[in-house]
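Participant: Residue numbers (our numbering), protein chains in the order written: chain A, 122 to 239; chain B, 641 to 753.
Don't read these hints as lab results, they were simulated from the structure. Being a predicted model, the structure only gives us computed values, none of them experimental. A hint or two may mislead.
[Said to hold, decoys possible] Here are some chain B residues pointing at chain A (derived, C-beta under 7 Å):
| # | residue |
| --- | --- |
| 1 | T670 |
| 2 | Y672 |
| 3 | G683 |
| 4 | L684 |
| 5 | G734 |
| 6 | A740 |
| 7 | F743 |
| 8 | G744 |
| 9 | G746 |
We treat Cβ as the ideally placed atom computed from N, Cα and C, and that holds for glycine.
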Amino acid sequence: GAGVSQSPSNKVTEKGKDVELRCDPISGHTALYWYRQRLGQGLEFLIYFQGNSAPDKSGLPSDRFSAERTGESVSTLTIQRTQQEDSAVYLCASSLGGGGWGGANVLTFGAGSRLTVL
Amino acid sequence: AQSVTQPDIHITVSEGASLELRCNYSYGATPYLFWYVQSPGQGLQLLLKYFSGDTLVQGIKGFEAEFKRSQSSFNLRKPSVHWSDAAEYFCAVGGTGRRALTFGSGTRLQVQP
Numbered sequence: 122g123a124g125v126s127q128s129p130s131n132k133v134t135e136k137g138k139d140v141e142l143r144c145d146p147i148s149g150h151t152a153l154y155w156y157r158q159r160l161g162q163g164l165e166f167l168i169y170f171q172g173n174s175a176p177d178k179s180g181l182p183s184d185r186f187s188a189e190r191t192g193e194s195v196s197t198l199t200i201q202r203t204q205q206e207d208s209a210v211y212l213c214a215s216s217l218g219g220g221g222w223g224g225a226n227v228l229t230f231g232a233g234s235r236l237t238v239l
Numbered sequence: 641a642q643s644v645t646q647p648d649i650h651i652t653v654s655e656g657a658s659l660e661l662r663c664n665y666s667y668g669a670t671p672y673l674f675w676y677v678q679s680p681g682q683g684l685q686l687l688l689k690y691f692s693g694d695t696l697v698q699g700i701k702g703f704e705a706e707f708k709r710s711q712s713s714f715n716l717r718k719p720s721v722h723w724s725d726a727a728e729y730f731c732a733v734g735g736t737g738r739r740a741l742t743f744g745s746g747t748r749l750q751v752q753p
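Isolated chain B, as found in the complex:
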């Protein structure tokens, strides 16, 4: 069975500080990995995805994530956080099997001025 763990329920960072959100997955084969962001009152928006190739992927809004197979991780990073980044972030895993994506429980990011 596929699963995703986001160990941090809530993170607070100062504006301009760097950010790393953790994601660990369980999947029996090569996974497809995603990060989605949900701003207050908004729907989910795709930030970035990993399918194959370069393990460091770039996304929108200055975010990047690194796939580490040995650690079963796909952590999201941003070098300098902006106040508008305050939102909930969801990691998801899928694959070539005929199954829907499995989402983690989310990490709520708060940005302090």
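The shape of chain A in the complex, shown without the other chains:
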């Protein structure tokens, strides 16, 4: 598509429920990233997919968080047994590649999914 699309834009859930957030990257972008932005804070790296390589999961805060990506298309971030501290805006970004060439590192961000855990 023309841009990075994220859904839902807003999600309110109860503590303990599971949530799924979806990201549809720009067509042709092989790299896809998930970041978390808590209120008033910076971007916290969560996970990074590059083509068919094993994802870099080093930023996932706990085993309640997981993400999948089918080929070079849609990605889903799943948070199990949500906690109030999971409340944040979850940002997805994509780029042409993840390294080896500077231009590949230019990220295009989606508008984010705002998660509120009551």
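We have chain A; now place chain B onto it with these hints.
Facilitator: Just chain B now, kept in the frame of chain A:
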């Protein structure tokens, strides 16, 4: 490990005044450096980037940034700030390694009339 420090959490300037937002990075090799802007209720937009060559780079909306290797800095500047520049600004570092960009914690800019 790569990291970015933005020492100023919040800056207030008067409209028409000059602006400089500080960014210091830590990276083991030649870095790729970026500034992104996030306006209220909006997604992040790329302002400018440095990959190589001229250390003074120009971006959109009249912004520029200077890469200083000796100081590990990539400060963002604008000679005359407009009210529409009020936003949050993020510096980021990446490189040739297979890693995602690392972002700083952001600087919130407020513009006074």
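Participant: Of the numbered hints stated earlier in the document, which are not met by this structure?
Facilitator: 1
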